Amino acid sequence: MTIYEFEGRRPKVSNSSYVADSATVIGDVSIGENCYVAPGARIKGDYSTIVIGDNSNVQENCVIHARPDKKTEIGGWVTIGHGAIIHGASIDDYAVIGMGAIISDEAKIGRWSVVGEGAVVTNGQTIEDEEVAVGLPAKTVKQISEEYKDTWKKIKEEYASFSDRYKENLNKID
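Add 438 to the 1-based position in the sequence shown for our numbering, that's all there is to it.
FYI, nobody ran anything at the bench for these hints, they're computed from the structure. Heads up, a few of these hints could be off.
[Said to hold, decoys possible] Per label pair, the in silico range of CB-to-CB distance:
no.: 1; residue 1: GLU585; residue 2: SER468; range: 14 to 24 Å
no.: 2; residue 1: GLU555; residue 2: GLU596; range: 15 to 25 Å
no.: 3; residue 1: ARG447; residue 2: LYS587; range: 14 to 24 Å
no.: 4; residue 1: GLU544; residue 2: ILE611; range: 37 to 47 Å
As the structure is a computational prediction, the values presented were derived from the model and not from experiment. For glycine and all other residues, C-beta sits at the position ideal for the given N, C-alpha and C.
Hey, can you work out the whole structure from these sequences and the hints?
In structure tokens:
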């Protein structure tokens, strides 16, 4: 993993988490227990603070950042889909951020909420608990079901298992 201290800001990554070698973690970043950070992810707390809760996963080529002296906070069991951008936002537990979605400054994503693929949650916008939001700008289209939660619990457990599985089973082939 590529981890950098910047101007005295030093990342804290739990020993139980996995951060891919090609991912970059810079500055004031805290990554909780059993997290999975995939190849190409960029998590940058150079002049801001980034907090990622336990059992969350940040997939390939995501960017997580915030404005100076602000915070991006990602709860536990959160899934950040491939290529998503999270900037200065707050994402509550169990949320799913779809591939290529953008979550802008001071946006709030509720517990068990879903932001669809390619959606844009604009500056200061709130997606309430258990809502599904899609589009540009993102608009709520429905509530999630218990069946959805059951399906995603299994997917989230699989991603949390990657923290150990990748450490134990990823082997570079020259």
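For each hint, the structure was consulted:
| no. | hint | verdict |
| --- | --- | --- |
| 1 | GLU585 x SER468: 14 to 24 Å | 33 Å, violated |
| 2 | GLU555 x GLU596: 15 to 25 Å | 19 Å, holds |
| 3 | ARG447 x LYS587: 14 to 24 Å | 36 Å, violated |
| 4 | GLU544 x ILE611: 37 to 47 Å | 44 Å, holds |
The structure does not agree with the numbered hints 1 and 3 stated previously, though it agrees with the rest.
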